[in-house]
Structure formats: C-alpha cells, structure tokens
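> Here is what each chain is made of, one letter per residue.
2 protein chains.
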Amino acid sequence: MDLQETEAAYYQYVKKIMDFNETIALAEWDMRTGAPKKGISQRSEVVGTLADEVFSRSTSAEMKAYLDVLADPSIQNQLSAVTRRMVEKSKKTYDQNIKIPQEESKAFTILQSEAQSVWEDAKKADDFSLLEPYLEKMVALKRKFINYWGVTTHRYNALLDLYEPGVTTETIDRIFSQLRAGIVPLVQAVKDSSNQPEKDFLTTPFPKEQLQKFCLYLLREIGYDFDAGRLDQTEHPFETTLNPGDVRVTTNYLENDFISTVLGTIHEGGHALYEQHISRDLVGTPLCEGTSMGIHESQSLFFENFIGRSKAFWQHHYSDLNKYAENAFRGQTVDDFYRAINASHPSLIRIFADELTYPLHIMVRYDIEKALFDGDLAVHDLPAVWNEKMREYLGIVPPTDREGVLQDIHWPSGDFGYFPSYALGYVYAAQFRHKMLSDLPNFNDLIANGEIVQITEWLSKNIHQFGSLKKPLEILRDATGEEPNPNYLIQYMKEKYGEIYRLK
Amino acid sequence: MDLQETEAAYYQYVKKIMDFNETIALAEWDMRTGAPKKGISQRSEVVGTLADEVFSRSTSAEMKAYLDVLADPSIQNQLSAVTRRMVEKSKKTYDQNIKIPQEESKAFTILQSEAQSVWEDAKKADDFSLLEPYLEKMVALKRKFINYWGVTTHRYNALLDLYEPGVTTETIDRIFSQLRAGIVPLVQAVKDSSNQPEKDFLTTPFPKEQLQKFCLYLLREIGYDFDAGRLDQTEHPFETTLNPGDVRVTTNYLENDFISTVLGTIHEGGHALYEQHISRDLVGTPLCEGTSMGIHESQSLFFENFIGRSKAFWQHHYSDLNKYAENAFRGQTVDDFYRAINASHPSLIRIFADELTYPLHIMVRYDIEKALFDGDLAVHDLPAVWNEKMREYLGIVPPTDREGVLQDIHWPSGDFGYFPSYALGYVYAAQFRHKMLSDLPNFNDLIANGEIVQITEWLSKNIHQFGSLKKPLEILRDATGEEPNPNYLIQYMKEKYGEIYRLK
Chain A
1398 MDLQETEAAY
1408 YQYVKKIMDF
1418 NETIALAEWD
1428 MRTGAPKKGI
1438 SQRSEVVGTL
1448 ADEVFSRSTS
1458 AEMKAYLDVL
1468 ADPSIQNQLS
1478 AVTRRMVEKS
1488 KKTYDQNIKI
1498 PQEESKAFTI
1508 LQSEAQSVWE
1518 DAKKADDFSL
1528 LEPYLEKMVA
1538 LKRKFINYWG
1548 VTTHRYNALL
1558 DLYEPGVTTE
1568 TIDRIFSQLR
1578 AGIVPLVQAV
1588 KDSSNQPEKD
1598 FLTTPFPKEQ
1608 LQKFCLYLLR
1618 EIGYDFDAGR
1628 LDQTEHPFET
1638 TLNPGDVRVT
1648 TNYLENDFIS
1658 TVLGTIHEGG
1668 HALYEQHISR
1678 DLVGTPLCEG
1688 TSMGIHESQS
1698 LFFENFIGRS
1708 KAFWQHHYSD
1718 LNKYAENAFR
1728 GQTVDDFYRA
1738 INASHPSLIR
1748 IFADELTYPL
1758 HIMVRYDIEK
1768 ALFDGDLAVH
1778 DLPAVWNEKM
1788 REYLGIVPPT
1798 DREGVLQDIH
1808 WPSGDFGYFP
1818 SYALGYVYAA
1828 QFRHKMLSDL
1838 PNFNDLIANG
1848 EIVQITEWLS
1858 KNIHQFGSLK
1868 KPLEILRDAT
1878 GEEPNPNYLI
1888 QYMKEKYGEI
1898 YRLK
Chain E
1398 MDLQETEAAY
1408 YQYVKKIMDF
1418 NETIALAEWD
1428 MRTGAPKKGI
1438 SQRSEVVGTL
1448 ADEVFSRSTS
1458 AEMKAYLDVL
1468 ADPSIQNQLS
1478 AVTRRMVEKS
1488 KKTYDQNIKI
1498 PQEESKAFTI
1508 LQSEAQSVWE
1518 DAKKADDFSL
1528 LEPYLEKMVA
1538 LKRKFINYWG
1548 VTTHRYNALL
1558 DLYEPGVTTE
1568 TIDRIFSQLR
1578 AGIVPLVQAV
1588 KDSSNQPEKD
1598 FLTTPFPKEQ
1608 LQKFCLYLLR
1618 EIGYDFDAGR
1628 LDQTEHPFET
1638 TLNPGDVRVT
1648 TNYLENDFIS
1658 TVLGTIHEGG
1668 HALYEQHISR
1678 DLVGTPLCEG
1688 TSMGIHESQS
1698 LFFENFIGRS
1708 KAFWQHHYSD
1718 LNKYAENAFR
1728 GQTVDDFYRA
1738 INASHPSLIR
1748 IFADELTYPL
1758 HIMVRYDIEK
1768 ALFDGDLAVH
1778 DLPAVWNEKM
1788 REYLGIVPPT
1798 DREGVLQDIH
1808 WPSGDFGYFP
1818 SYALGYVYAA
1828 QFRHKMLSDL
1838 PNFNDLIANG
1848 EIVQITEWLS
1858 KNIHQFGSLK
1868 KPLEILRDAT
1878 GEEPNPNYLI
1888 QYMKEKYGEI
1898 YRLK
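These protein sequences, in sequence, are chains A and E. Numbers in my numbering are just positions in the first sequence, counted from 1, shifted up by 1397. Numbers in my numbering are just positions in the second sequence, counted from 1, shifted up by 1397.
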C-alpha cells in the first residue's frame, strides 16, 4: 500500500470504531431515558461487548500497522492537518491502552463498577471506611498505570492530560492561586453584605407541562436545532452526542425548583450547541467531539451563567417566563428575579453551589488529588483533609462525610484528574466572553433583544466547528490571543456581585 | 479444545453476534420513534457497520470451525437440545450466506434499497413500468441464490423456508385450497346478506390523549409487561425485540379511526407477548426469538381477532371504551359495536382488509410468487395476473396498479416467500384456539370476565417460552396434536359471520 492507500484504509478503519461508539452512546441514552428495567442487565452486556470491540480495534495489530506508517515524523508534511491530528489522537489512545497489562486494566474496570455501587451504600450509611479499601486499590492501580505510561515525576499531570490535554499542574496552580485571591474576599464581602436578595419566591410551583414548554422555547432561543436533537426527561440532566446531526439533551422538571430546571436545561444546551456545530467534515473521525472537558464546560457555563443568569437575558424573557408560569411571578420585578437567581453563599454540596463559590469547591478537590498522586496523602486521611480544605476555602465544615468527601461519584468512578476541568471551563468561558465583548460590542443588547444566535455564531466560528482538530489551549489562543487568564472571570465576578450585593 | 470447551467458546461467540443484533434493533427502533432527521444518514451507516459485523461473524472461519465440530452428526447425542438447535440454526445461516458470492449478495442489498425508493415513486405515478426492471433483476438474482443453495426443483420452497422453516408448497397448496373452498362462498353470502352492520359511528372522533390511555390500559389487560417494554407512537405500528426484558411496541393514534388504533395496538401486543415470554435461558442464543413469521403472526392475530374482535371482550370492555371516549358511543349497544368492528366486504388493499377476506389477498400473492419462481410467469405480466387473480378470489378488480400490484413493499424489499406466513398465522391461531377451547372450556367467560391473562398463560406455556427451540410445525403439533388444519379457521369464520350477518 502506498501512503494514500494506507491513509484511506486507516480512515475506513477508524470510521468503524466511531460507528461502534455511536451505538454505545445510543444504548446509554436509551438506558437513561426510558429503557424498561427488565432489559437493563442484558443491555449492559451489550454495552460491554461494544466497548470491548472499540478497545480491541483501538489497540489492534492493524491499528499499530497504520500508526507505524502514519505517525512516522518524516512523513507528517505529506499529511493533511486533519489526518495528522487524527493520527496523534489514535496514537495517544493506542499508547495509553497498550502499555497497561490487560489483567490490570480489567481489574480497574471491575473496581470501578464495584466502587460505584459501594459508594452509594457508603453515602447512605455516611461511612467512608466502606469505600476506603476500594479507593486505595484504585489509587494504587492508577499510580501503576502512570508508571507504565512512563511518567515518574508530576504523576498528576498524566491524569490531567486525560481530560485537558496540554494543561499541567503548573498552569492550574497559577490559575487557581489567582482565582482564589480574587474570589475568596468577594465571597466574604457577599456574605457580609446587608443587601441579601430575597429568593423564597423561587420555590413557587411551576406546572411540569408549562415548564417543559418553556424549556423547549429557551433551547430554541439559544440556537439549539431540534432537527438535530431532542429533549427528554431524566433524573440528572445530561447531553449526549450520537453524531453532529443527533445531539440530545435531557432535563428534569422540578416543579418546586424551576430555576434549576431552566438553568440546567440551558447548561446542557450549551454543551449541545458545541457538538451540533462541529464541522460535518469531521464525522467518522475521532476529531468529531469537543476537544476537552474544560472547553466543553466553558460552553455549557457560558450559556448557563453569562446568558441564563444575566440581567439582559431576563429583560427579554421575564415576561415569557411569566406567561408560561401563568403569572406566578407578577409580584416580582425582573430585577428581583435577577438578584434571586444569583444569590450566593458558601455551601457544602458542589453540584448545588452557586456561580461565585463553585470554583472553590473545585480547588478543594484539586489540592487533594494532587496530594494523592504527587504528594504523600493517604486515602485514609481523605475525610479529614477534605474538611480542613473546606474550612480553608469556603469557611464551612461538613457535619457529615455524606455532605463532604462522599458527595461526588468521580473518585469511585476512577475519574481522578477530571475535577479541574470544571473550573478551567469557567476561566475559559470568561476569557471567550471578554474577547466577544470587543468583537460584538453590542453583546448585552444582543441578549436583551433576543438575538443570542449571533453570539452562538461567534462561538461556532471560533470554537465549535473545530471539534478536536485544535487542542484546548490552541482553541483558546486562536480565539482570544492569550494563554488561560483568570482575571476575566475575577473581573466579571467582581462587577456582577458588586452590583447585586451593592458592595463598595 | 475438547467438546465442552468448543461448546462454551461457541456460545460466547454467538452471544456477541446477538449483542450486535440487539444494537441494530435499538438503532432501528430509535430511527422510527424519534431520532432527529439530521442524524439519520450517519445512523444508517452505523446500522450498516453493525450488519456487516453480524454477517462476517456468522460466516467467519471461526464460525466454520465451531460448526465443523458441533454440527458433526456423530456427536449430536452428546449435545443438549438447546445446543443442537442453536448449531442447526447457525449452520443454516452459515450455509445460506457462504454459498452466495459476496458481490452478488452486495448487488442484491443495493437493489433492495433502490427498489424500495423507486417503488414509492412508481406508486405515486401509478406506473408499474418504473419498478419492473428492478423486480426483474431481483427475481433473477433470487433464482441464482436458490441455485447456489443447491435447489433445482420447487425453487419457491427455498424461499418459503426462509420465513416458515419446514413448510412447503405442498402443505400450503392443501391449506389454501381448503381455505378457499370454505371462505369464498362465505364472503359471497356475507356480501349478499340483507343484514349489513351499521358502522359509520366508528369514525366518531376519539381524542388522542384518551385513546393513548385506553391503549395502555388494553395492553395491560392482555398481560403486556410494561417493566419489559414500552409503547411509543409511529406512523406504522410495529413490535421490536431488543431482548425478552425489552420488547417494545408502537401504535398510531388515529382520532377518526380509533378502532384501527385499538386493534393495531392489540395486534402488536400479541407479537410482544410472544417475545416477552421466551425463556430467559435462551437469552444470548439465536433461539431467543419467535420461531417463524407464521407462528409470530398467529400470536398477533390471536389477540387481534379472537380477543380484540370478539363479543366477549367487548362485553367486558365496552363500558371502559365509553369511559375513555367520554361517552361518545352511548347511542350504540355493545352488539352494535361488535357487529360494526366485524363488518366484512371484499376490498382492494390487503392491509385494510377485514378478518374474513384477508386470507384471499394472501392467496393472490402466493399464486403469483409460486408462478414467478417455479412457473414461467414474467415480471412484466405481474399487473395483468394480479388483476385476474383479484377477480378470481375476491370478485373485484383494482382500477389502478397503485391499488393493485404496487400496493405492498414486500417485493421491492426482496421479501419473496414472506406473504404466505400471514395466512398460515390465521390457520395456526385458529388451531391453537380450538385446542384451548378444550383445555380452558370457560374460554369465552375468561375473556368476558377480564381474565385474559389465563389465556396468555396457556400460550406462554405451549408456545412462547420455547422461542425458536422448536420449529413451527413442531410447536403446532406439540400444542395441538395435529398438522396444520384450516378447518378450525373455516369453522370459526362460519360461526362468527353466520351470526353477525344472520346467514342461514
């Protein structure tokens, strides 16, 4: 085979892997949205079969043969940018998987599934010791994997790289220390402010059917294409991509907490817009997905916070809200509403945290993960360290581990290194917004006039269309001309919360 | 590997094929129930990838190696009944596929998809000549395939065997000639009767939401398990099995033709009950599906006709119908209703035909298919022969080919040999009912008292649980002690229509 033929065969080979991935995504969407319960255990086996297939094809002798030819540095200039990046991604997956002995990889998979189930019990019983032995084994295995990959110092970087390629602890340390310096005093000032927003009215019941219609309306308003997606109901909202023409979102209709539903829907909508706008040229390649967890989160947070929690947005949509809610909020002004949905105070549970305090929750987890992999923190000491960090960052201490170290599924799932992406997403989002304010000086007017689609187009042009063709920091640099800079987020927070809480 | 190890490896190998089949079924269900349209073309490629995978695994060297060992006649007594039958089925698939040159098999697949699309145009234009060249090529290829399989005389039997294993033209000729002799005079007498039922009130609007609730209620009444299934809406109702714990049905809510919705739902429910009751021991084997199209149809028709169109059923459910329909039918008695939903008259379109005339539509198609493959009928002459047969069997002639030879998708889909299963299903169903009347002498009371579940249990015990472990005629013999006997259907028709039309 000459180079062109090898390239064509490689494309075909990879397309099949992507097709299998699409069926996995469909099977999982189906299990979460309404598959009958008696079929679930067999369906899980189906997902296992497909995942095995993806794994074995990604690490096969055939894949190696393609990579031997196409990853050869001397021929890179003969390849298109797309092929080069595809090969780089395929090779990364190949190397990561092939270096780990199969029995250890299997052991980790089994541990993941056991630990998730034990975690539920441990949370119920508020007993970290149940989970401890599993986490210990997982951390030990992860450390071994990192060694197999050939990393001996800064082990945690190898985990960060799984979710945020190219981002290191050095970068995150810099970002987080700036963020902390900016946010912690602001949180304190907000807490001390005598201008606390009234927010009790947010529990006013919002009939499910009306709430559903309002969510459908809002998704259309931000540019979500229902010919390339659908909205279903699940307990935990999520977005999943089958292909760029089929990007689905879910939400949960909470009649007594409608604002969580509304903002959760917009959040998932933000993820979905990213995936719906990926260039169709990338379909069938591993580049046809968001480039990192952090960039993905930047899109969902952009829409949730900079759109969904903005005053301009509700200036336009508050009357619609009242229409759908059958005038339930006619007693509150749009300003009352805006302040209520942005009320901020330190809290224990990350997923319920407000925009301002959220990054601090991530810092707690980041410090701990770093100490677990690059320091000498023992799994046994996690609860104590957790509580200490919570006091340090947020000034509160969880009364129980259930509300502390046991709250998140990420560690029992083996997803060490994932958390920082959430905070990076905030930083990226604010940096995009800053650039956008100069490209679209009428940014707030667009939102206030219901012309969000122009904002979506900016994101599509500068971020979405590239899928994984560009790496996260490359996207950021090309779109904003800068490395990650947390000052834009700090600036945004100061202005917004300064106004809401009338800080001096 | 010793025999036991080979058997275990074969089971594992086959399980994966079944897992792939489950994903194909899911992808197709999804495409028909609500997948966004912009994702469909990529999704079709996914289905193609999975189908290729199933095909190549079913005809692989590895499969051949298993079959060489396990299909060896000298070791059959060392295998369980399940393994023996699995091997027999795997071998049949293997032989059928391996004997056909790959390029011809591919050509046929392409023809199928082209012909289906041309068929839609031909139907719209009422122009058979558009479809003719495609059908000619398909028939020629099918004849070649039959030759490859090694059949030289009674070619049509090879096609029948695809849908109704073990049933030959000899059997069908016998059954259909008896049926014809019984039904044709009855159709004439019904037509001539002066006691025609009034049925105009069946177009009374039935609000969609209420109709949906009524369908959910009826499915529960016949024993459909919603923990192992779900009901969705599609233009054409269907049943699809992902696994026995996940058997889905769909229906279409026709506000101005609610009885079609109701009976269509019960029909699909009958298919679903079959699949929901297959023994869980057969999951992961090729035996975990209905044993033939005919036996499958016997279950759907049993419920549609012997339950859903019975007087006993409506004696129990007519007041419920009126409740759901907000008293729309309080002007009609249950007897009016029963007669209306059983009104019969010769008509042009098979899928809208009534219970009594339906088998005659099948005979038209059977005669034609037989002549195409074992006689010398040319594709070009299909329209003329169709009209002639319609006059012969039903006494009416379609004014257009759209209402004649072009009405069904089966031939453009390449499904020659499928039609007879529909009529065999009627015959089997009546034969099961006859046996049931002696096993459950209170058959009609059970229906009239809303205790259908006892009837469902009889079917489950005698038919459903076996999946494909028994062949169709074996199921029939074991359950009824007889070969296919059309007299029970004729008897049923005579009694029922004699009463409705007050024939002498």
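Be careful, since some hints might not be right.
Note: identical chains are not told apart, hence a pair may lie in one copy or across any two.
Claimed, not checked - Think about it this way: if two alpha-carbon atoms lie no more than 30 Å apart in a straight line, the pair counts; the simulated DSS-like pairs of lysine-lysine are:
1. Lys1596 with Lys1488
2. Lys1708 with Lys1867
3. Lys1588 with Lys1412
4. Lys1413 with Lys1488
5. Lys1412 with Lys1461
6. Lys1596 with Lys1435
Think of the hints as simulated: they come from the structure by calculation, not from any bench.
> Could you run down the list of hints and mark each one as holding or not?
Comparing the hints with the structure gives:
In this assembly of identical chains, the alpha carbons of Lys1596 and Lys1488 never lie at most 30 Å apart, being 52 Å within a copy and 69 Å across copies at closest. Taking CA atoms no more than 30 Å apart as the test, Lys1708 paired with Lys1867 passes in neither setting, with 33 Å inside one copy and 69 Å between copies. For the identical chains of this complex, Lys1588 and Lys1412 are neighbours neither inside a copy (53 Å) nor across copies (60 Å), given an alpha-carbon limit of 30 Å. Taking the closest pair of Cα atoms, Lys1413 and Lys1488 come within 30 Å of each other both inside a single copy (17 Å) and across two copies (27 Å).
In this homomeric assembly, Lys1412 and Lys1461 come within 30 Å of each other (Cα to Cα) both inside a single copy, at 16 Å, and across copies, at 28 Å. In the homo-oligomer, the alpha carbons of Lys1596 and Lys1435 never lie at most 30 Å apart, since the shortest distance is 43 Å inside one protomer and 41 Å across protomers.
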